[in-house]
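S.K.: Taking UniProt numbering, the leading residue of the sequence shown gets 1, the next gets one more, and so forth.
If you're looking for bench data, these hints aren't it; they were derived computationally from the structure. Treat each hint with caution, since some may be false.
Stated by the list, open to error - Heads up, simulated SDA-like pairs for lysine to any residue below, C-alpha to C-alpha not over 25 Å straight-line:
{"id": "1", "residue 1": "K1112", "residue 2": "K973"}
{"id": "2", "residue 1": "K1020", "residue 2": "D1093"}
{"id": "3", "residue 1": "K1108", "residue 2": "T1032"}
{"id": "4", "residue 1": "K94", "residue 2": "L104"}
{"id": "5", "residue 1": "K1112", "residue 2": "A264"}
{"id": "6", "residue 1": "K975", "residue 2": "A264"}
{"id": "7", "residue 1": "K268", "residue 2": "R792"}
{"id": "8", "residue 1": "K458", "residue 2": "R910"}
{"id": "9", "residue 1": "K1112", "residue 2": "R910"}
{"id": "10", "residue 1": "K975", "residue 2": "Q1117"}
{"id": "11", "residue 1": "K308", "residue 2": "Q141"}
{"id": "12", "residue 1": "K1108", "residue 2": "E1154"}
{"id": "13", "residue 1": "K260", "residue 2": "Q1117"}
{"id": "14", "residue 1": "K1020", "residue 2": "L772"}
{"id": "15", "residue 1": "K481", "residue 2": "A567"}
{"id": "16", "residue 1": "K1112", "residue 2": "S1079"}
{"id": "17", "residue 1": "K353", "residue 2": "F269"}
{"id": "18", "residue 1": "K372", "residue 2": "K353"}
{"id": "19", "residue 1": "K105", "residue 2": "T88"}
{"id": "20", "residue 1": "K1112", "residue 2": "I263"}
{"id": "21", "residue 1": "K1110", "residue 2": "D1093"}
{"id": "22", "residue 1": "K481", "residue 2": "T88"}
{"id": "23", "residue 1": "K361", "residue 2": "K1020"}
{"id": "24", "residue 1": "K973", "residue 2": "V849"}
{"id": "25", "residue 1": "K275", "residue 2": "L772"}
{"id": "26", "residue 1": "K1110", "residue 2": "V1036"}
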Amino acid sequence: MSMERSSNMDIEMHVVTDSTNHAEAKDRPKKNKEDEKTDTVPFHKLFLFADFIDVILMLVGTIGAVGNGLGLPLMTVLFGQLTDSFGTNQNNRKLVHLVSKVSLKFTYLAVFTGVMAFLQVTFWMVTGERQAARIRGLYLQTILRQDIAFFDKETNTGEVVGRMSGDTVLIQDAMGEKVGKFIQLVSTFIGGFVIAFTKGWLLTLVMLSSIPPIVVSGGLLSLIIAKMASQGQSAYAKAANVVEQTIGSIKTVASFTGEKLAIATYNKFLENAYKSGVHEGMAAGLGLGTVFMILFCSYSLAIWFGGKMILEKGYTGGEVLNVIIAVLAGSMSLGQASPCMSAFAAGQAAAFKMFETINRKPEIDSCDARGKTLDEIHGDIELKDVYFSYPARPDELIFNGFSLYVPSGTTAALVGQSGSGKSTVISLIERFYDPQAGEVLIDGINIKEFQLRWIRGKVGLVSQEPVLFASSIKDNIAYGKENTTIEEIRAAAEVANAAKFIDKLPKGLDTMVGEHGTQLSGGQKQRVAIARAILKDPRILLLDEATSALDAESERIVQEALDRIMADRTTVIVAHRLSTVRNADMIAVIHQGKIVERGTHSELLKDPDGAYSQLICLQQENAEQDQATDDQNKPENILDGRQSSQRISLRSISRGSSGVGNSSRHSLSISFGLATGLNVPDGAPANPESSSLEKTEAAAEVSIPRLLYLNKPEVPALLIGSIFAIIAGVIFPTFGLLLSIVIKTFYEVPDKLRKDSKFWSLMFMILGLVSLVAYPARMYFFSIAGCRLIQRIRSMCFEKVVNMEVGWFDGPEHSSGIIGARLSADAATVQALVGDALGQLVQNSASAVAGLVIAFAASWQLALIILVLLPLLFVNGYVQVKFMKGFSADAKMMYEEASQVATDAVGSIRTVASFCSEEKIMQLYAKKCEGPVKAGIRRGLISGVGFGLSFFLLFAVYGTCFYAGAQLVQSGKTKFSEVFRVFFALTLAAVAITQSSSLSQDSTKARSATASVFEIIDRKSEIDPSDESGETLENVKGEIELRHISFKYPSRPDVQIFKDLSLTIHSGKTVALVGESGSGKSTIIALLQRFYDPNSGHITLDGIEIQKLKLKWFRQQMGLVSQEPVLFNDTIRANIAYGKDGEATEAETLTASELANAHKFISSLQQARL
């Protein structure tokens, strides 16, 4: 009993501790959560990576921003002159002449600000794009040069890609166009106050009292929004990690019916993100409401005090108006600066972690040019008294005084239990890690003294799990050597026995291998990896289970090839199989970090009780048992078949666990692990040209009613929000009406002026209070609706994606990186069409209706003239909105392909390090970035032209309106106060629409995102595990039959895998599938698991077609052990329990770990409980 309890504790206590130490990585964010939020870099440090051209661009952009910023204060001067021209010359015949002079000045101002605005936007956007691209490249470059320990402890692929695609966008935002915008607003602020003090210093001083509250409210707002945003980002990052893990291991998820578990985990993180989204909306609304309240109260004060100044100090109405508008233009610009401030804050926070990584100097630096290089090395390898533990689990000693000597030109084979330290020897020779004590010597020189790139160039590595990059077979082989020729590549493929299958492929060497090489079978991948190592022509060859994935025939030929290239080279083999070990000059049996036996094959066989002899006996014993199944196979060949070896390991486990006396012996032999597993589908490469452009070509027509329907549960929130949106919409036209009345009041007789100014100032105060209630309420209720919609859409999409048939994921456009980007970016963008946009629409409609009513009631002729010109103001408004949001919003999507290069490289960092491919990766990455960078620069130019033109139109329209108004007043068709009433009612309605729109996203982008989202939601999975229909059998015998099966992979429809294949597997029997790589062995497994359905023919279980069976139930009747095991970033307990929907009991988990011979190593781990 006590034994069982302690065993339970072991599983509970110990966590996943493979080379990427998930447990620590998972735990770390919790510890550092508080620190990370406050860590930022100083603002000027964002520009650390600017070159001379960037400095020039920033200088010219700054001049443009200052000039553009001064446009508004100068306009207030002209406005004051206009008011006086109208107010003091109401009955003067020279009115038109006087007004036209001022209107001409408006035209000059229009040209000046147009040019300056162009310089500001274009130059800041271009430099932002250039510097962000440079930071991306530097970050990847630094990541690639880090030691392997960094990846074990401090980062993972998801984080690197997230930072490269997400954080660099934030940094670009903080040092590109937003800086120009900030400078523009600051110069408006300064210019406004200089003019205000010049025109009427006393009134300006009184109005200054409004500045501190506006600054404080703006500052607080940016801080709160930044805090909320970082909370939301962290929740979404966790959700994104679930997506990456699930899609990256979709076959494991499908096989173990883990879809529900993945969806539940994803939804849990989405709920947290929803809450922070609502808080963010509320904070933004409160900030906006406060700013408007302070603004209207300032107007109230200014009007009361302005009236007083006219009476007591002889100010004119125009001067009062000039001062009021100048001060408010200046102070409003500070209010508008808050989005810039929050962008800076977000950029500084994002830059901290990136810059910290960029500045990190690794202990083992592949870019360090220092160190010895020799003309040639002999290849003597010695590990002398080595003490070593992995950096990720420093308490667990792997080697405790380990020594090994491999003379030059000889072959040493390392065999031993899983976790005994065989592969660690290879990691130390490759210098992925340095030992804590002791030395690793090559030719008697400590490996630390050599230049790292040079020594790695002399070492060739072929790993157990071959890593291929998402490019062509040719590119993958070429990784082995710089500037290689096509002849050398072909020769290497020939030697590695890869030429035969490559020639059969439609595109030969140019065939794309897919993400992680998924379009090739395990054997094919391994042969490409061997070709890559052969091309390198290394002095030292390290083979870590190099032939484990090959069928008997391929292994024989590849082994011959390896024997040829091993001649005169020092070779270290980590192997389980007899055939690969037999010819070694020295075999070392490693147990718990010590060599317990060493000698040649024949020497070690002399000791019948030795660990090596036990392994041989067990292999032969199993081989004899298999003889009945397949007479033709020799014992070695049977052992070499992957499926049969899987069966052997299962049998020996059951035997080993049945008798206590045998257990130690068998535990050793199992872990020598006749390599188990089935190779991944012999699927075909998808053509790179067929890479889908679904996102961009997605139907632009988006059903808004359908989106609204998704928002149906939030209808009450939407209705209440709409009422407040109408109130908010009427505020600005009302403000225009009040302003025009006040202007008329300034030219009244003293008594009336004194009385009216008090009354109207009170009205402005009431308007401010209404703003304080209406804006936060509108934003809050629409945030609830919008954030719920995002949550619902993300959840629906993810549910749909995990239930897609496995074939869907074969396409490059459905890789984990791209689907992750679509789920995060697209779902968030959809909020722009419903939620926010609906509130916007209601508010804008109210503004437009109120403005039109007021304007037409005052003077229909002038209202018509201004209405004709209003579209030009909307052009200005639209461009301003774009500018507030940022023109660079699409950067993330544009860098998708480049991100995929980074994902591949970081995910395969050992291969990159081993082949010193850092520069190659960087060249490929730079190539993928060229298009996006050019597009970014082009976008900068277009945006600049649009922005400049919008300012030109704004001031030109103002001049035209007042000229037309003067004509109407002179001809007696309207009064001067009505000219201002029409002008303010319509222009302020337009301003209200554009200003408030700046808080919502661009709807065109949202439309394509919505189309992309619905494309996923609407796609019917051809093999849907969530489909509850179908039969289930009460008693499964396990009789399997494949009848007349024809099959082609969906990603390669021109290559026939099966043609009229028939196979019967009887209940309770073990069947081994052997054949050359790519012959279709794994495809049978994929068809049995219903990852794919055959094009014709039938597969039956106990006489019933498997298509008629309930899919989830059907998959639960099978257990799949793959060639490359997939573990999730969770505890060992959770990974074992995954086989039973995560609901296994303690006893079941323990029993499974014992049967799998895993209990012993789990118990030896020293990790704290997660």
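S.K.: So, against the hints stated earlier in the document, which numbers end up violated here?
M.R.: 1, 6, 9, 10, 11, 12, 14, 16, 18, 22, 23
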